[in-house]
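Chemist: Listed below, chain by chain, are the residues.
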Amino acid sequence: MTVLAVFGIYEFYSAKAYRQGLEDSYNRAFFELTDYVDDIDTLLSKSMLATSASEMASLSQELSVQTTAAKSCLAQIPQAEISLEKTEKFLAQVGDYTHTLSQNIINNKSITEEEYESLSALGTYAAELNNSLANISKRVYSGEIHLGRKTKTGGSGVVYAASDDPFSDIEKRLGEFPSLIYDGPFSEHIENMKPKLLEGKRELSQEDASKKLADFLGAEPAFMKFTGETQNSNLPTYMFRVMRGRTEISAAISKQGGYTVYFLGTRRIREEKLNVEEATEKAKRFLEKNGINDMKESYYEKKDGVATVNFAYKQNNVVCYSDLIKVKVALDNGEIIGMESYGYIMNHTVRDIKTPLLSKQDAKNKVSRKLSIDAVNLALIPKDSKREVLCYEFKGTFGDRNFLIYINADTGVEEDIQILVESPDGILTI
Amino acid sequence: MKKIRTTAVILAAVTIVSFAVVKLLPTKTVAETQRSASDIQLLARCVNGEARGEVYEGQVAVAAVILNRVRHPSFPNTISGVIYQPGAFTAVADGQINEPIEPNSTVYKACEDAMNGWDPSGGAIYYFNPETATNKWIWSRPLIIQIGRHRFCK
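Here the protein sequences come in this chain order: A and B. Residues in the first sequence are numbered consecutively from 1, following our numbering. Residues in the second sequence are numbered consecutively from 1001, following our numbering.
Note that these hints are calculated values from the structure, not bench results. Just so it is clear, the structure is predicted and the values come from calculations on it, not from any experiment. Glycine is no exception: its CB is placed at the ideal position from the N, C-alpha and C atoms. Among the clues, some could well be false.
[Said to hold, decoys possible] Derived CB-CB ranges, DEER-like: (1) A:D35 / B:S1080: 18 to 26 angstroms; (2) A:S368 / B:S1140: 46 to 54 angstroms; (3) A:D304 / B:D1094: 26 to 34 angstroms.
[As the list claims (entries may be wrong)] Below, computed lysine-lysine pairings styled on DSS-like, alpha-carbon distance capped at 25 angstroms: (4) B:K1109 / A:K194; (5) B:K1109 / A:K86; (6) B:K1154 / A:K273; (7) A:K303 / B:K1154; (8) B:K1109 / A:K386.
Extracted from the complex, chain A is given alone in its bound form (with noise of 0.2 angstroms):
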């Protein structure tokens, strides 16, 4: 009996101490937020009045640092029932709205009217957030709150019950942040965007769309299976399984048009017997039997006895890499096993492709002389916002790398770079 009690007496200490380093933990992420946030809004609002491109290229970039670090301290923060993700939301778009701005700037363009009312707009949350967290710290330190307290309520892991949440005010609050539309990954129209591919198309019956799947697939129709049908989307699709031969196909089918989304085949593949210029004509043939024409091989990677190879549209001379498609063909007897088209059917439309304003030469004087230069393409490459910029694209080693190189193929701006790694199972770009 006594040994039981001083066990647990032992384990009772052993929980509080573990319970408080922990706390301790969440307590420093909290405090490191304040200060971060604290910096963030002083940084926006002199931001305001910036006018020089130096110096609001140097408040943008203290900015990131701020809000990516205040991001990484949320994050560590136990989450409410409700999350915080409206915040989050805030602390991206800030660090992201303010670093466009800058590099506008860089490449002579002004800050707009409009622009300036949305940094206002910013700077006014800003310090909403700081006085919210100043509250909370109040609260902290008086031992009103103790954050990554379990409640009665509370199910598996560390959660708040919804009215303890500290945050959830906050959460409110920024519930009318207007939303911010920009050249970054973070805008708010990359959410909203609708798929180019089925612009006009009608919409099909579960019937009709089950029967172009198989006949997409190669499949019986009489085996086809509905297994549902997405809802809330910008990409609305039915669901379908069947079996093929030996391979189970989960597939989905757009409602709007019949294009096949995506489907995964599972089968035991046996000895490899095509190597990947095999598969990739296989891959080839199977997009232009099913309407799919102009499509440029580009990346691979061979993994268990399947191959995935990526496809890009080409218009003319351009590759538009927007436009994606992955195959992916079993190496035994290749069969296709497999297609992702996601970016196809969000991109791909006819491109009216002005011609470059810049000559090759001209563009090759602006990649650095250290790249030694194997060859050069026009392509048409998506920025984070997912507007397309036509580049010239340089492919060349430095050291004992391979890059590629994208000139803006107008103004000459190098928009991006690219390393690339060979390996056994396919070349990567990183």
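For this one, chain A is given, so just place chain B on it according to the hints.
Modeler: Chain B only, in chain A's frame:
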């Protein structure tokens, strides 16, 4: 035959690489756009903890949700940040993420497919098991699709 040979020669001669596939993260540093082996390990262990018994499609969908969160402004910008966000995944809270992965498990393949862009969840950033979820708020999220035991939501 000749056409295939020519294509093979052209392929062998030209190696243009698509970056869009691997450009998963909207960040500025090279380090963060890398598909590191440790990322896949972590992703696989989380999917294993969360969706071990699910159909293959369901496993790919769970991995896709994690990756969708990385891209989403409301969540951390790295795979480890998303997975270890306190309270986000029960498999992390109850230690299932540390369970070893069975040798014939499909989770690694599921993670590779998700990293290559396959997303049966339809762009979801939340999922939950309606039978076991204790969190009332999650039921208010717009449903996209149910696969196996999980409801995938925006």
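Chemist: Any hints from earlier that this structure breaks? Give me their numbers in increasing order, please.
Modeler: 4, 5, 6, 7, 8
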